[in-house]
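Could you put together the complete structure from these sequences and hints?
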Amino acid sequence: MTTPVEPRAAPAPESSARRHKLILAALVACTLVMVTLALLPLGTGLKVALVLTVATLEAGLVAGVLMHLVEERKLIVSILVLTGIFFVGLLLLPILSEVDHARHFFK
Amino acid sequence: MAGTIGSASEHHAPQSFWRRYIFSTDHKVVGIQYGLTALVFLFIGYGLMALMRWQLAYPGQPIPIFGKLLLAVLGPDMADKGIMSPDLYNSFGAMHGTIMVFLAIVPLAAGAFGNYVVPLQIGAPDMAFPKLNMMSYWVYFCGGVIMLVSFFIPGGAAKSGWTSYSPLATVTDAGYLINGQTLWLIGMVFLITSSLLGSINFITTIIQLRARGLGWMRLPFFVWAQLVTAFILLLAFPPLEAAGVLQLCDNLFGSSFFLPTGLVVGGKPMEVSGGGSPLLWQHLFWFLAHPEVYVLILPAMGIVAEVLANNTRKPLFGYKSLVYSAIAIGFISFLVWAHHMYLTGMGTKISTFFQTTTMLISIPSVVILTTLMLTLWGGSIRFNTPMLFALAFLPMFGIGGLTGLPLGFSATDIHLHDTYYVIGHFHYVVAPGTIFALFAGIYYWYPKVTGRLMNEFWGKVHFALSLVFMNLVFMPMFIQGLEGMHRRMYDGGATYAAGPDVAYGLSLALKLNVGISHAAWLLGLAQVPFIINFFWSLFRGKRVESDNPWQATTLEWATPTPPPHGNFLEEPVVCRGPYEYVPDATGRDFLPQNEPGTPPTRQPAPALTPQTQPA
Amino acid sequence: MSAHAHAMTIPHTVEPRPDTGLYNARLGLWLFLASEVMLFGALFSSYILLRVGADTWPQRQLSIPLGTLNTFVLILSSISVVMAWLSLKRKDFGRFKLWQGATVLLALLFITVKSFEYHDKFTHYYVQTRDGREMTGHLEGKPFNLSLARLQALPNPPAEIVFHPDAPAHGPAAGQAVHSEPLKLPLADLVKLEAFGPWRNTFYGIYFVLTGLHALHVLGGILVLGYFWGPGSRMWFTEPERFTNRIEVAGLYWHFVELVWIFLFPTLYLL
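Chains as they are written, first to last, in our numbering: chain H, 1444 to 1550; chain Z, 9 to 623; chain L, 13 to 283.
Since the hints were derived computationally from the structure, they do not count as laboratory data. From the three backbone atoms N, C-alpha and C, an ideal C-beta is built for every residue, glycine too. Watch out, some of these pointers could steer you wrong.
[As the list claims (entries may be wrong)] A few chain Z positions that, by computed beta-carbon distances, are all more than 10 angstroms from chain H: (1) I91; (2) P162; (3) V273.
[Claimed, not checked] Simulated coverage check for chain Z against chain L, where a stretch passes if three residues somewhere in it have a Cβ under 8 angstroms from a Cβ of chain L: (4) 105-119; (5) 455-466.
In structure tokens, the structure reads:
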């Protein structure tokens, strides 16, 4: 068994206010970057990849900082990693079986 | 351990009848509620099949006694002159599957046994979220009621298989906006919600509320099985809920998630936008439904392990292998689902991927079966009723598992898909497999719940008759399937036998229908001693002489009988593993997990820091 | 033997369990969020499959300014919900009420904007006439979710409808904000008249299901956060630590709702 952990103490007010202002700015910035990228005349594949990368980054900020995942217990993180594996499988495998279809999926 | 004064403490004032028995938050009451409700649904699910089997044995003949009842209740559309119509056959077929899987087996295996036994076996006073537990049961109950109500609405119950494939599920009974399929989908949303809430409770309870000294490798295998089951339910059910919402949209709002372009129904093009994919439904459905079958088997394996260890008077063989195999099964089960879709035109690469994962998952399954069998070696076996059922589980599950192999290989599945071979395979695993394990569990834990033993003689009668008739029902189905007899045929496949080109074998397969049906009805009769025994023993069964009548080692036997609110008279502290069946000087051959003072037989676990007392 | 041999309390509702470092509700909520990841994952998987399988996929169907506004609303509410929890950790109940109240108001604003967007879709129509003309636009009086069948089923069906076509996407009149002249279309000429609901095409189908399910989660959040702002906040005065944990856990849920939107917004509005 691991050694016991202290419950999370409240961070000092000043540093947390600054931290949250930074996060707010970062999230707003990510959103604006996404919108800008979407309005640029890029190829579809590239656009999708870039926009979703920024979205993932923004989501990472929310999950990691606002939901405290970066300092969360290993147990929770491992449950989420497991979920992530199945999530990727759910996203990928159906589309892979469409690609490898003996005849066209939809017609 | 007592916690802050007033925090989370239960009301000490006497509770009303409603609070104590109907809307109870005590896991034992909730477990019993799940158990009784599930057994009623098991009976209903059996009844549907028993009626279908008349149609298969004597196609077109009026059903004796029940034919008139069906005609009176459901009308001539469904049962004209007491003969089962094709629509009614399909309804009964779809609902038999749905009720058995979602309303009977899983609530019994996980909801009833899990709820009652797990907190006791980990030394906890209750589940982590008692109110959520109560809600889980009542949401399940509502879902079940919705499913039953669907039989009585215009058009009747859902009739597109328990698998509800689109577009059939959308075009059937499209004349009624709220039809059986709609209620099936709404009912499923309730059942899935109940399952999700329950699984959150189970996982949190097992992780957070284990007694002191109960490390992971000291958990009874039953608890491990329930933990993996809960994880499967947690992560696999949501895609079916999503799919259900999408199909509801197709059925109610005219969307086309699963309806392809250019669909023509009854000679008329469907007035929908098209652009959807029936295969999308199949992917989302089987993403749940495959892990679901491991939900059906894992608690059963857990029960068998407990009963075997107790009645061989020796530890389980290969405890660690069992645990790692259960975890492996849980993980791999999410990656095999498209072996149900080999005939949808998938290419060879992706079929091979799913075939490979399917073959991989058979390995931990065989490890579990083999370790359970090896547990018997050198054991001092007591042949009581729970043990008989647990013993029979082993070869029955073996047959079920082995017959799954030709289905898992894409090449052989081409011949066997959608035939009675499939029905034989999965019924072997669930019926003489899981249900036998559940019977073992009922006979085994009955004295803890009620303080009385069930009658041994009638238990053995129940066992022997059930074993014989289960095999007589399901073994011939393999022959039927190999001959090419299709499933879900209202006339039992008679149309296939009509043509001159059909092999002699198929008409032989059809003849087997009569024997199977009679065996199925006798199987039902064989349950009568069980039902009578179950209720009679509540009042007249032999009272137990101790809290631990089976002389078992796990913590649930360390409580008073029946356990009171809060379960344990004093907080249990565990000092050894779960199956220390070790003879001592006095002639006693077992060491309960929490019995202090006796030197442990293994390395002691590192001491836990005592929990900090609140200020 | 008394019915209660000792006080029946569930351990670790407030104080964390030493070896996991968690109190029960936090583990429970993360488990719930894991299941929600799979729920929305299934819908995103459906989106991918439907889009890849489609010949043409409608793009730019939704108002990017409104979507961006809603994104900012949720981002702000995410910050305010954390501030509410931090206020409680600093034992400042007054501040908590402010931040929690702000969160609920922002959430209500999100729903309002979404309702406006939905209303816009259900008053936007597609018509097809017997001579094969296909047009999109608005109907005079902006009726909500009419259809040809419903019009024909009226006791006194109108002889004609007044249709304001949208500006064409291409050609000399493209991009103009002003609609062209209203058309009078006889009812008998119409083959199809439908609003832009989930039946319109698979894009609209998945749009409504994804945003609808998300909106239901927002509504659930409003109920829970609102309850804890209002009657539920009484617990602060009897069991402050337990109440703080509840706010933390509710905040986690709210962040997840925002997380889903962070992917919904680009997927449906931008790409």
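Verification of the supplied hints:
No beta-carbon of chain H is positioned within 10 angstroms of the beta-carbon of I91(Z); the least distance is around 41 angstroms. Every Cβ of chain H is farther than 10 angstroms from the Cβ of P162(Z); the closest lies at roughly 33 angstroms, confirming the non-interface assignment. Chain H leaves V273(Z) outside its interface by the beta-carbon criterion, the shortest separation being 17 angstroms against a cut-off of 10 angstroms. With a cut-off of 8 angstroms between beta carbons, the stretch 105-119 of chain Z has 0 residues touching chain L; three or more are needed, and the interface restraint is violated.
Here's how the stretch 455-466 of chain Z fares: 0 of its residues keep a CB closer than 8 angstroms to some CB of chain L, so the rule of at least three is not met and the hint is violated.
Of the hints listed earlier, those the structure fails to meet are numbers 4, 5, in rising order.
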